[in-house]
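Engineer: Residue numbers (the working numbering), protein chains in the order written: chain A, 1 to 324; chain B, 1 to 324.
Since the hints were derived computationally from the structure, they do not count as laboratory data. None of these values were measured; they are calculated from a predicted model. Honestly, I wouldn't trust all of these hints.
[What the hints assert, rightly or not] Mimicking DSSO-like on lysine-lysine, the simulated pairs with C-alpha atoms at most 27 Å apart in a straight line are:
hint: 1; chain 1: A; residue 1: K277; chain 2: B; residue 2: K179
hint: 2; chain 1: A; residue 1: K187; chain 2: B; residue 2: K260
hint: 3; chain 1: A; residue 1: K277; chain 2: A; residue 2: K96
hint: 4; chain 1: A; residue 1: K37; chain 2: B; residue 2: K69
hint: 5; chain 1: A; residue 1: K260; chain 2: A; residue 2: K133
2 protein chains.
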Amino acid sequence: MSADLRGIESHGVSRLPRYAKRLMNGWIRPAAKLTLKNETPVSVLVDGENSLGQVVAYRVMQRCIEKAKKSHLAFATVTNSNHIGIAGYYAMMALKEDMIGICMTNAWPLVVPTLGIEPILGTNPVAFAVPAKNELPFVLDMATSVIPIGKMEVYERHGKSVPVGWAIDENGDPALDTKTVMRCVYKTRRGGLLPLGGLEQTAGYKGYGLSLLVDILSGILSGAAYGASVGTPEDPRPSNIGQFIGAIDVNAFTQLDKFKERMDAMIRSVRGSNKTKGQDRIYMHGEKEWELEQQYRKNGIPLYFKVWENLRNLAQQLHLDFDL
Amino acid sequence: MSADLRGIESHGVSRLPRYAKRLMNGWIRPAAKLTLKNETPVSVLVDGENSLGQVVAYRVMQRCIEKAKKSHLAFATVTNSNHIGIAGYYAMMALKEDMIGICMTNAWPLVVPTLGIEPILGTNPVAFAVPAKNELPFVLDMATSVIPIGKMEVYERHGKSVPVGWAIDENGDPALDTKTVMRCVYKTRRGGLLPLGGLEQTAGYKGYGLSLLVDILSGILSGAAYGASVGTPEDPRPSNIGQFIGAIDVNAFTQLDKFKERMDAMIRSVRGSNKTKGQDRIYMHGEKEWELEQQYRKNGIPLYFKVWENLRNLAQQLHLDFDL
Numbered sequence: 001m002s003a004d005l006r007g008i009e010s011h012g013v014s015r016l017p018r019y020a021k022r023l024m025n026g027w028i029r030p031a032a033k034l035t036l037k038n039e040t041p042v043s044v045l046v047d048g049e050n051s052l053g054q055v056v057a058y059r060v061m062q063r064c065i066e067k068a069k070k071s072h073l074a075f076a077t078v079t080n081s082n083h084i085g086i087a088g089y090y091a092m093m094a095l096k097e098d099m100i101g102i103c104m105t106n107a108w109p110l111v112v113p114t115l116g117i118e119p120i121l122g123t124n125p126v127a128f129a130v131p132a133k134n135e136l137p138f139v140l141d142m143a144t145s146v147i148p149i150g151k152m153e154v155y156e157r158h159g160k161s162v163p164v165g166w167a168i169d170e171n172g173d174p175a176l177d178t179k180t181v182m183r184c185v186y187k188t189r190r191g192g193l194l195p196l197g198g199l200e201q202t203a204g205y206k207g208y209g210l211s212l213l214v215d216i217l218s219g220i221l222s223g224a225a226y227g228a229s230v231g232t233p234e235d236p237r238p239s240n241i242g243q244f245i246g247a248i249d250v251n252a253f254t255q256l257d258k259f260k261e262r263m264d265a266m267i268r269s270v271r272g273s274n275k276t277k278g279q280d281r282i283y284m285h286g287e288k289e290w291e292l293e294q295q296y297r298k299n300g301i302p303l304y305f306k307v308w309e310n311l312r313n314l315a316q317q318l319h320l321d322f323d324l
Numbered sequence: 001m002s003a004d005l006r007g008i009e010s011h012g013v014s015r016l017p018r019y020a021k022r023l024m025n026g027w028i029r030p031a032a033k034l035t036l037k038n039e040t041p042v043s044v045l046v047d048g049e050n051s052l053g054q055v056v057a058y059r060v061m062q063r064c065i066e067k068a069k070k071s072h073l074a075f076a077t078v079t080n081s082n083h084i085g086i087a088g089y090y091a092m093m094a095l096k097e098d099m100i101g102i103c104m105t106n107a108w109p110l111v112v113p114t115l116g117i118e119p120i121l122g123t124n125p126v127a128f129a130v131p132a133k134n135e136l137p138f139v140l141d142m143a144t145s146v147i148p149i150g151k152m153e154v155y156e157r158h159g160k161s162v163p164v165g166w167a168i169d170e171n172g173d174p175a176l177d178t179k180t181v182m183r184c185v186y187k188t189r190r191g192g193l194l195p196l197g198g199l200e201q202t203a204g205y206k207g208y209g210l211s212l213l214v215d216i217l218s219g220i221l222s223g224a225a226y227g228a229s230v231g232t233p234e235d236p237r238p239s240n241i242g243q244f245i246g247a248i249d250v251n252a253f254t255q256l257d258k259f260k261e262r263m264d265a266m267i268r269s270v271r272g273s274n275k276t277k278g279q280d281r282i283y284m285h286g287e288k289e290w291e292l293e294q295q296y297r298k299n300g301i302p303l304y305f306k307v308w309e310n311l312r313n314l315a316q317q318l319h320l321d322f323d324l
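If we strip away everything but chain A, and leave its shape as in the complex, we get (with noise of 0.2 Å):
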């Protein structure tokens, strides 16, 4: 629901279904509990026993912010999870203790590396939220490659041809629809999304590394899966995806008020710089998330037909009302 709030569909209740088939199947266990392993005062190794990824990334970032409290900053990398949602949501509950969170995790590989063909990589989303005084906080919650897999759904739905620099197709040339990126996602193995920057010339290195950078952190040092050993939503085996979350006390550092009013000006400079011709205006990141959010809250989230329906015929699956 909160990703639906902030204009995330792809990443909100139109993946219900997948979780609950995931759950109905035994591939993800739902009662099972978090065991914390190698504890010190700012870090801990958690094995999420499979549980539902929601879960396990929410206490997770609880946990880290219990140890911030006391030791300034905590961090936790994640073994044994499953598919989280959007990372910036555990980002941001730090934001109430205004501390600044941090979250990542790896996914299942769609994204090829620079120079290869194979989708060996996921799109392993990095989400940091930072506070602020009297300005909205800045919330960067970004898929390491150019775009996730969820836009290139939604392109899918609305029958929209795909921008050069965004995939490949099995032959390294630029994929220009979505049914051909789909097809080397989800059939040939070969081709697929490209990482942040694109293809080599405008950096795309970059993008890669950044993605490298998620799995190390979530998958290498917590004992999760990595890179092409990522379970597909539909492989009956465990996900074992693996996440880094974090939690850092600003006061740690330096005086918190001022640093909010520092974040406060910082933000209106950047806002009130100007603009490309036709703009009207620069984005801090999480703005208009914020203001979609306002805006569905007063008047409902609009949800795509066929969503609707999948979520109708889970409830019927389950013999539970839908009033929707």
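Assemble chain B onto chain A, guided by the hints.
Structural biologist: Same frame as chain A, but now just chain B:
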């Protein structure tokens, strides 16, 4: 020298005349000490006292490593510092201790935010160094813009045209020659380098967000300059550049040796994956630089004639022997 050895000529000895000028003019304090403030077992705010950035960042990383040995991890935010050369150098200091090293710095403004026309963001690099076992360490050292300005200077020297997606001119159109880019960033202060991802359609707002994140951790958190307020290399005011530096002891999370074995396996699986047509290699981050270093240590470092000439002139000015 370390930058030149790694093939990053834009950040090597070619910068020496600039540093020397600032030192001779009293714009950098050569004998200044660092002041540690707000120190906790895992964090420290450092005032660089306008010392040479290289000295500041080196000492701060040493401090972080010492602290991480006792407290598992440690981060520093630095105010009143200067240009530090390559951020990767300091991140790589952690490798000797088998730790993960992190270094980021803000920089004078050359980069336009998404939908903006003013260059109010630095190229704000981030560097992460992660140890492996038998494979080379993973060393990601990247500007959060598509390219650093040094690359533009190299293109200028070679008379090469500028690819689409690297920079925009005063009208927001692609800047396709180095003269235009230099005019934008040095003179008209409209147009400039694009953040990683390029224009909005190819997710330039992600590079713009990463650039802000570096500014937040390096500039806002430390109390240094940030965004448009960072001094240019020719500005007689102290640059007041900020850094964010940290070290993470892998043992805080998992067994170091197992981690390094997993790093090796990951590196091999990425490098061993299928290549696009005409390519026979997929590179890991830091690999090209390591290979150049082996070659340069054996055969010497090639210097562009103009760089050599500038060094000779500097030596004459300072009445120093010049035997190169």
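Engineer: All the hints need checking, so say for each whether the structure fits it.
Structural biologist: Here is what the structure says about each hint:
no. : hint            : result
1   : A/K277 - B/K179 : holds (22 Å)
2   : A/K187 - B/K260 : violated (33 Å)
3   : A/K277 - A/K96  : violated (38 Å)
4   : A/K37 - B/K69   : holds (20 Å)
5   : A/K260 - A/K133 : holds (5 Å)
Hint compliance for this structure: hints 2, 3 are not met, and every other hint is.
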